[in-house]
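Q: Same order as they appear, the protein sequences are chains A and W. In terms of the numbering used here, the first sequence is residues 31 to 458. In terms of the numbering used here, the second sequence is residues 31 to 458.
Keep in mind that the hints are not guaranteed to be accurate.
Think about it this way: if two alpha-carbon atoms lie no more than 30 Å apart in a straight line, the pair counts; the simulated DSS-like pairs of lysine-lysine are [stated by the list, open to error]: (1) K202/W x K407/A; (2) K355/A x K373/W; (3) K311/A x K142/W; (4) K142/W x K430/A; (5) K202/W x K435/A; (6) K252/W x K291/W; (7) K435/A x K373/W; (8) K202/W x K351/A.
Honestly, the hints are just simulated from the structure, not real lab data. A quick note: this is a predicted structure, and the numbers were derived from the prediction, not measured.
Number of protein chains: 2
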Amino acid sequence: MCNYSFSSIYMKTVAIIAIGDELLNGFTVDTNSHWLKECLWNFSLSISRAVNIPDNERLIISELEFCIDNNIDYIFISGGLGPTHDDITKHTLSSFFKLPIVINDDHLTKLKKKFTKKKNESGMDSSAQSMLSSQAEILDNFKPIPNEIGTALGMSGEYANSRFFVLPGVPKEYKNMITNHIIPYYISNEPISNPSITIKTTGITESYLFNMIKEIIYNNNKKFKFSILPHFTGVNIRIIQIDNNFCLDDTKKEILKKIGKFHYGYNNDSLNKVVSKLMLKHKLTISIAESCTGGLISKQLTDNPGSSNFIVGGVIAYSNKIKNKILHVPESILKKYGAVSSKVAEIMANNVANLYETDIGLSITGIAGPTGGSDDKPIGLYYVGIFIKGQFFSEMYQSKINDRKINREISSMAALNLLRLKIKENYE
Amino acid sequence: MCNYSFSSIYMKTVAIIAIGDELLNGFTVDTNSHWLKECLWNFSLSISRAVNIPDNERLIISELEFCIDNNIDYIFISGGLGPTHDDITKHTLSSFFKLPIVINDDHLTKLKKKFTKKKNESGMDSSAQSMLSSQAEILDNFKPIPNEIGTALGMSGEYANSRFFVLPGVPKEYKNMITNHIIPYYISNEPISNPSITIKTTGITESYLFNMIKEIIYNNNKKFKFSILPHFTGVNIRIIQIDNNFCLDDTKKEILKKIGKFHYGYNNDSLNKVVSKLMLKHKLTISIAESCTGGLISKQLTDNPGSSNFIVGGVIAYSNKIKNKILHVPESILKKYGAVSSKVAEIMANNVANLYETDIGLSITGIAGPTGGSDDKPIGLYYVGIFIKGQFFSEMYQSKINDRKINREISSMAALNLLRLKIKENYE
């Protein structure tokens with residue numbers, strides 16, 4: 031990532047501490063911490079550290095001391111609240127803060143009720159009952175944070191200059207406590223972030239994009255912080271306002287003028303959502319004929335609720351037999367041009383739209399790798415075909431990567447982007 | 031996660047430090063650290079911490095002091111090696127270690143060659159040339175780690191009792207340096223991990239699975255460490271040997287005997303790979319008819335190279351019109367039983383196999399949510415149909431989650447698992 035200027039506003043600091051052996055041994059991905067980072071982005075808070083540590087008393091205490099020594103304002107601790115012997119978080123905090131552990135009666139009553147129900151339903155092991163009270167434990171002086179979804183009670187309290195939040199590691203419970211309890215009661219009074227926007231692009235590399243907009247960046251880097259963030263499916267430009275005398279919107283417009291068709295959305299927009307909205311707006315229907323992507327484009331277009339309003343269905347024509355038998359690509363064409371060709375892509379798009387009786391037909395044929403390439407048709411070559419408003423087109427793309435997964439992702443993005451551009455061209 | 035016994039063998043310790051503002055503000059997911067944890071799992075090393083910190087000199091130095099005070103043996107530092115002004119890692123390390131920065135001539139020569147080539151190809155900005163030497167910087171006394179893929183040179187050196195590795199944050203470069211340079215030269219002499227195995231299951235919840243095998247766990251928890259790790263698509267059982275006098279294989283067999291059909295593979299096996307292997311082994315071909323999963327099952331079956339040897343193609347029948355027109359499900363049946371029914375699943379499976387002339391037809395129809403449910407047919411209800419060896423079957427499943435993404439994932443797993451069981455039943 032390249033940042034082109036700096037903000038120096040004072041912000042309260044945050045530490046995110048996720049505890050659990052399973053997070054360190056490569057077995058479980060810590061998705062909670064990333065989610066929390068995104069969630070806190072709306073507030074003017076500075077995240078100083080995000081740490082994974084094992085279920086080890088000494089290492090947990092060292093980390094707590096570190097955060098307190100560094101005057102971290104908000105410390106989120108998660109994991110190790112379960113009922114088994116290696117869940118040591120609460121007892122470690124108790125000895126560190128020198129606060130006894132007490133039982134929260136309200137929570138215990140709720141758990142007992144829940145447990146009795148469950149027991150009747152599924153014949154749950156009765157030894158579990160003895161574990162219940164451990165799930166209602168809380169440090170004396172700390173306030174409970176309710177857990178409407180799972181069993182372990184959360185809690186919050188202050189020590190030195192820091193406020194601590196102690197949460198279960200189960201993602202659904204963690205997110206629920208933060209969204210419905212911690213943010214409303216403890217964080218919502220914090221100042222909100224400086225105005226910012228993320229401009230999302232696809233179909234252009236980082237260095238080309240930078241060349242297009244570098245003058246704008248250099249002329250404005252006292253007013254805004256610019257970050258250019260490349261992903262293999264597209265490059266994002268993030269702009270954060272650092273001087274309130276200038277308007278983010280003007281600079282945004284300047285950039286959009288330069289980058290034109292490569293821009294597809296903002297912030298959390300995904301290309302498939304943008305395309306779906308366009309289709310709903312113009313009341314269009316679509317069918318898809320996929321070869322190399324094997325269902326990925328259809329899967330992406332049906333990811334969002336409401337997609338049954340525009341996607342009628344598709345054909346996965348992984349073999350030439352199906353391209354011929356179901357999509358009626360003539361054998362002579364397959365022989366003359368090969369399955370990976372603009373001709374075949376166009377016939378696939380045209381014929382799937384006819385067969386499925388849709389406004390638009392979208393097709394793709396290519397070579398994802400790791401084998402199947404030749405000098406003529408190397409790995410990473412693919413053609414996207416589109417039938418729209420009675421006409422068909424195709425475009426050729428060439429990725430230089432021999433990575434099956436990446437090539438399938440890139441080529442799906444290219445297909446969705448061509449679809450977006452053609453709808454705009456024909457209907458807007 | 032529940033661990034049922036502990037290992038107390040001494041192991042060298044590891045810290046993983048990823049540096050970069052973009053890792054803290056929720057914009058970029060730190061996939062490198064997780065990858066490294068998995069990679070180091072093969073060796074008898076204990077990962078003490080994995081940390082994300084921003085491009086901030088004070089915070090970087092605090093973290094280094096922390097690691098050194100805690101006698102961490104191997105410290106992996108990544109990010110902030112780029113040429114822009116916020117890439118401060120090397121300069122921070124230089125002032126912390128009190129080692130001057132020098133230019134590595136070999137690397138600079140290579141970069142100059144590469145740069146000249148690139149310039150001619152794409153008209154790269156000439157101002158970039160002045161950045162080149164920063165990419166060849168190295169701490170005096172540290173050894174270079176070559177970067178065959180990108181520009182920034184890596185390095186390794188010792189300080190206090192710790193060995194430091196300094197790496198670029200770009201995932202491809204990071205992984206290449208670790209795999210091809212750090213592991214062979216610095217880590218490969220470490221003792222390998224205790225024998226271990228992960229048993230992968232699907233179609234059963236954590237508590238049911240635990241009940242099935244808890245006696246084995248209690249009888250063996252001095253010899254092995256057991257971990258039960260739930261994911262929404264399946265539960266994994268990890269067994270690590272802690273006493274060399276006992277054989278992991280016997281305990282593994284005992285567990286397999288108890289869990290039977292729920293077990294589909296080991297370690298890094300994915301269900302789609304296991305199913306693909308079965309199909310190749312028995313020289314079977316398959317076609318798929320998907321409704322609610324909208325292409326996800328076909329996408330998963332074509333994820334792996336070589337899938338064109340068994341998957342011929344599929345029909346995405348997202349609308350009833352296509353179920354009728356392409357898959358020839360009679361309108362009367364759709365009307366009488368509804369699209370989400372065992373009858374329709376069976377006809378879809380049978381007819382896609384006929385139409386595509388394959389040995390097996392696999393189908394799915396269901397309600398992924400968030401809307402479309404009713405009292406009769408709630409969200410999360412789905413039917414998987416299969417045509418195999420001239421017969422067809424279907425199974426009903428009911429997920430209790432109203433989460434479109436999770437329901438699509440769970441139902442794809444259920445479909446692939448039914449496919450696995452039916453192939454085994456009919457061909458093994």
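Q: Are the hints correct? Go through all of them and say.
A: Hint-by-hint comparison with the structure:
Distance check on the hinted pair: K202/W and K407/A sit about 25 Å apart at the alpha-carbon level, within 30 Å; holds. Proximity of K355/A to K373/W is assessed by CA-CA distance (about 26 Å); at most 30 Å being required, the pair is judged to hold. For the hint linking K311/A to K142/W, the alpha-carbon distance of about 52 Å lies beyond 30 Å, and the restraint is violated. The suggested pairing of K142/W with K430/A holds, with an alpha-carbon distance near 22 Å, which does not exceed 30 Å.
With a CA separation close to 14 Å, the supplied pair K202/W and K435/A stays within the 30 Å bound. For the proposed pair K252/W and K291/W, the alpha carbon gap of about 28 Å is at most 30 Å, so the pair holds. A C-alpha spacing of about 35 Å is found between K435/A and K373/W, which places the hinted pair above 30 Å, so the restraint is violated. Straight-line distance between C-alpha atoms of K202/W and K351/A comes to about 38 Å, which puts the hinted pair past the 30 Å bound.
Hints 3, 7 and 8 from the list above are not met by this structure, while the remaining hints are.
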